[in-house]
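There are 2 protein chains.
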Amino acid sequence: MSALLQKHREILDKALDACSKRYSWTAYPESPSSKIWGREKPVAGKANFEAMLGTDYHLAQPGEVGRTGLEISPYTGEPLGISYPKMDVDLLYQAIESGMPSWRNATPQTRIGVCLEILDRCAGQLFENAHATMHTSGQSYIMAFAGSGANALDRGLEALAYAHKAMSDVPETAKWERQFGKSGSARLHKTYRIMPRGVGVVVCCATFPLWNGYPAMCASLATGNPVVLKPHPAAILPVALLTKVAREVLREAGFDPNLVSMVADTREEPATMALLEHPMTAIIDFTGSPAFGRWIEQNCSGKQVYTETAGCNSVVVESCQELTAMAAAIAHSLCQASAQMCTSVQNIHIPADGIVAGTEHVSFDEVAAAIVQGVEKYLQNPQVLCGTLVDDTILATIERYRGLASQHGRLLRDSAPIHYPDFPRARTASPMILEVTQTAREIYRDEIFGPVSFIIKGESIDECLRDATTNARECGAITSHVYSTDEEFLDRAEAAYNNAGASVACNLLGMPINFAAAYSDYHVTGLNPAGNACLTDLAFVASRFRIVQSKRM
Amino acid sequence: MSALLQKHREILDKALDACSKRYSWTAYPESPSSKIWGREKPVAGKANFEAMLGTDYHLAQPGEVGRTGLEISPYTGEPLGISYPKMDVDLLYQAIESGMPSWRNATPQTRIGVCLEILDRCAGQLFENAHATMHTSGQSYIMAFAGSGANALDRGLEALAYAHKAMSDVPETAKWERQFGKSGSARLHKTYRIMPRGVGVVVCCATFPLWNGYPAMCASLATGNPVVLKPHPAAILPVALLTKVAREVLREAGFDPNLVSMVADTREEPATMALLEHPMTAIIDFTGSPAFGRWIEQNCSGKQVYTETAGCNSVVVESCQELTAMAAAIAHSLCQASAQMCTSVQNIHIPADGIVAGTEHVSFDEVAAAIVQGVEKYLQNPQVLCGTLVDDTILATIERYRGLASQHGRLLRDSAPIHYPDFPRARTASPMILEVTQTAREIYRDEIFGPVSFIIKGESIDECLRDATTNARECGAITSHVYSTDEEFLDRAEAAYNNAGASVACNLLGMPINFAAAYSDYHVTGLNPAGNACLTDLAFVASRFRIVQSKRM
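So the sequences go chain by chain: A and B. Take the first sequence: its position 95, counted from the start at 1, is 95 in our numbering, and no numbers get skipped. Take the second sequence: its position 457, counted from the start at 1, is 457 in our numbering, and no numbers get skipped.
Be a bit skeptical, because a hint or two may be false.
In silico DSSO-like pairs for lysine-lysine, Cα to Cα no more than 30 Å straight-line [to be verified]:
1. B:K303 x A:K303
2. B:K165 x A:K21
3. B:K165 x A:K165
4. A:K175 x B:K303
5. B:K303 x A:K165
6. A:K182 x B:K14
7. A:K182 x A:K244
8. A:K14 x B:K7
9. A:K46 x A:K21
10. A:K182 x B:K377
11. A:K7 x B:K21
12. B:K35 x B:K86
Listed next, with one range per pair, are the computed distances between beta-carbon atoms [stated by the list, open to error]:
13. A:A416 x B:P171: 24 to 34 Å
14. A:G81 x B:P171: 14 to 24 Å
15. B:V65 x A:E269: 31 to 41 Å
16. A:H58 x B:V356: 29 to 39 Å
17. A:E366 x B:M553: 50 to 60 Å
18. B:Q179 x A:H58: 39 to 49 Å
19. B:A47 x A:D491: 48 to 58 Å
20. A:A495 x B:N48: 40 to 50 Å
21. A:D446 x B:Q6: 46 to 56 Å
22. A:L53 x B:T173: 42 to 52 Å
23. B:R267 x A:G254: 54 to 64 Å
24. B:E277 x A:D462: 30 to 40 Å
25. A:K14 x B:Q438: 50 to 60 Å
26. A:F180 x B:P171: 56 to 66 Å
Here are some chain A residues pointing at chain B (derived, C-beta under 10 Å) [unchecked claim]:
27. G81
28. K175
29. Y420
30. E494
31. A495
The set of hints was computed from the structure by calculation and includes no laboratory data. Nothing here was measured: the structure is a model prediction, and the numbers come from that model. Even glycine gets a Cβ: it sits at the ideal position worked out from N, Cα and C.
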């Protein structure tokens, strides 16, 4: 067994067990509390981040032909001033190619060991990553530590567990012996080899740079493929931190560091297409907009494509035990990360004649008001939950829906800047909530990126469910929620969502309903337009490698 | 456990064990000998086949709008006179759709049980299938019983074992419990459901109608997808026999028989495109020509595509223990099924300065002559091995290469009709062998369907290996062979083929070298142009279904 695998064997075994039983487990604590980490690590992490500002970030990648990068902190409005290598893709790929044979010839165990060590070292820089994520993606500190940090590392380990499982299914050798007719007979010794497909390009998104970064890198790298990370131009630093660690670990383990590299760019001079279209690129992992994801799915034939994009996630409210608790759960989703998560709720379907909450009938307006009230409550301490907006275009989006509101329904809650004392120039927006009927379908069936949501008055609960599940099927959904005290309705709603190709959560309360648990929640079904790949199932890893064999008599 | 799974549990468990250890095993005896089957079964099988001639084959499929089919026996030159349902694809798909929910909602165990029963009943009509295959694909009786019969059934069972493995990886339920911060906590009950993708279309080839028919059907059907079988217009009857059994078993098990259906056609009125392009078609399994296979790979984005086509399979001869035995092994491949197999050898690379055989030096010409001599020997009893030609176009191909021979090299052995006393009008051709040098690359780098092969004089053994592996990478290869007594050379050749994305067999003697063993040989690597899918690995099954979940607090 490889030394690195031996070092991390226990954690891999735990991940394998968690994946198979799907209970709650984490390898990486998601809280940045000094009770867990001590007092020095958080302080050092922040200092390390600050020391990087205004400097050149070096990766020593062959084919560097200049510097690039223009990240602006959504908290300060100031450029980070960090430059990254600007790459000549062909020169880089030539260098990658020469590193491939030794990696391909390494055992799966060795490669898994290297990946485990990469994840372990990334866990050692979660504070650096948190500040980097905050000042690029605009997440709150807590979220940046967890969502694109510890939780994403768990997804990476999970993908590694599946890669291990899929590769372990292929034996290394076999003896095979049989008669052919009266005279013929054969005794063969067979050898089976895992073969990579080629370069895996990982296109990371702006809001959660490493959510697919860790799992996609682990899945491709462990199965023998070199990986090129392509950060979003707005969020390069978190990806650079991973790239540096990966290259370091590869070098120390005796492999070519170019097996993991990064190609950064700016909005003005994008580099993504050159990577996607390169003939050596065999695998593409993409997180980002539905439009670009769909384009890749349709136009990159001959390459393995794994996408996670977004949909118009819904809630169907049929009834509940306790109105305030349910409203708080929904409001949490509208506030968290300013609804820039792939799991954020957008469409809240409530029947026109209201619902039963506990033992009382509550009108549609009362339910809507309770949700707005829930939002107001979270806004009393917004910095922890809402963070900032990753992008100026979200302000334009909000403006646009403000204009549409009176035409299509009414504004239940307007969006406004949120004030953060520490960051007076932060780009922020509180949730905007529109009340509409199903006549406004055309506006709420779009995936809206940012804090705009709809409370949709349905003619009946059946109509609510029908509309929500139709939209899941046709427009995509990553999460869907149902609130009901009626077991029969829950069964029906589960079946309706599942048959629409969507997963569903029932009566989630007292927890962040956006939360997707590694090792337990299959994230993205692949059956609706919100993406074609799942974190993590066997299908996510099994096609990243092929098998060649040799047999000798 | 489902009753049908219980009935066949032992055979499934044996297949699972064989797949994981990859030793020699078969669930279906490949010999038609009456010592195994008794005297009645072979006779009854032949009689059943003959009773079908000149009749209407009924499948009771909704959407039948007429009759179609025009199969001509390559043995007799006469039409079989069997008509099959001509289908309105849209009407058929409507009927399929209504059968989907109950199949989707059945447990994986139930579906696996149904598939096992289908295979078992098909094993009961192997003699019917053998005669049907003979008089459509033109195979010899022995081959028709084994290759597209018993061996193909093994591939079906193998695919089923993998489908079982992949689905078993997904637990049915889980309990999940954790704290969120100080106040929040959650206890969730989670349910995971296997969801099919949609209709699986299986395009079968003319020469081995069920080689991919059984495995593709099993892989798609077991994972919840309805299957539409599309036979080649020249070889419908074997596929019809499977379709009828599958529909019967489904009906008896309480499911909609339309979950397996057949759309036959003629060359004049092809039906394939309507199936490939139908929006409900989500999965395509294709065996056939490289050109159509490539078209499907490139143009059916959004559908899961699994192809097996063909390449220009090679032999590299460096040295051998015993010339006659080696020559016989190679000659067997040139004769078997008139080289119409995807595993037939086409390009035989021999160094110009000859080889060492045993302790003696043997010239290039002597090696070539030994191979020709090997062919002559098999031709003493050709009917068992060579069979007939599936298609008139093969005669034209032979004619064409006869014309090219003098221009590019010389004819070492000309092709001629083979005489079968029982079938005086059989369409046959003995192997044509051309001697060429590497200057004739453009003619031997095509995949030639039928009994045309090349003995290629290489400047050196390294040049032979380089040429053969380059062609494997660029033009495709399903099997590759090396003969050498030098362990160092074998290691080098194995690495060269493997790195070219090709599997390789070394020094195979005394057995049919075309043979690919279910449960042991990974058939088709997917790394070269000869196909993108493998019989069978996890990748063949893992993406045929998706997972949806529901969680309740």
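Violated hints, by number in ascending order, as checked against the structure: Hint check: 4, 7, 8, 9, 12, 13, 14, 15, 16, 17, 26, 27 and 29 fail, others pass.
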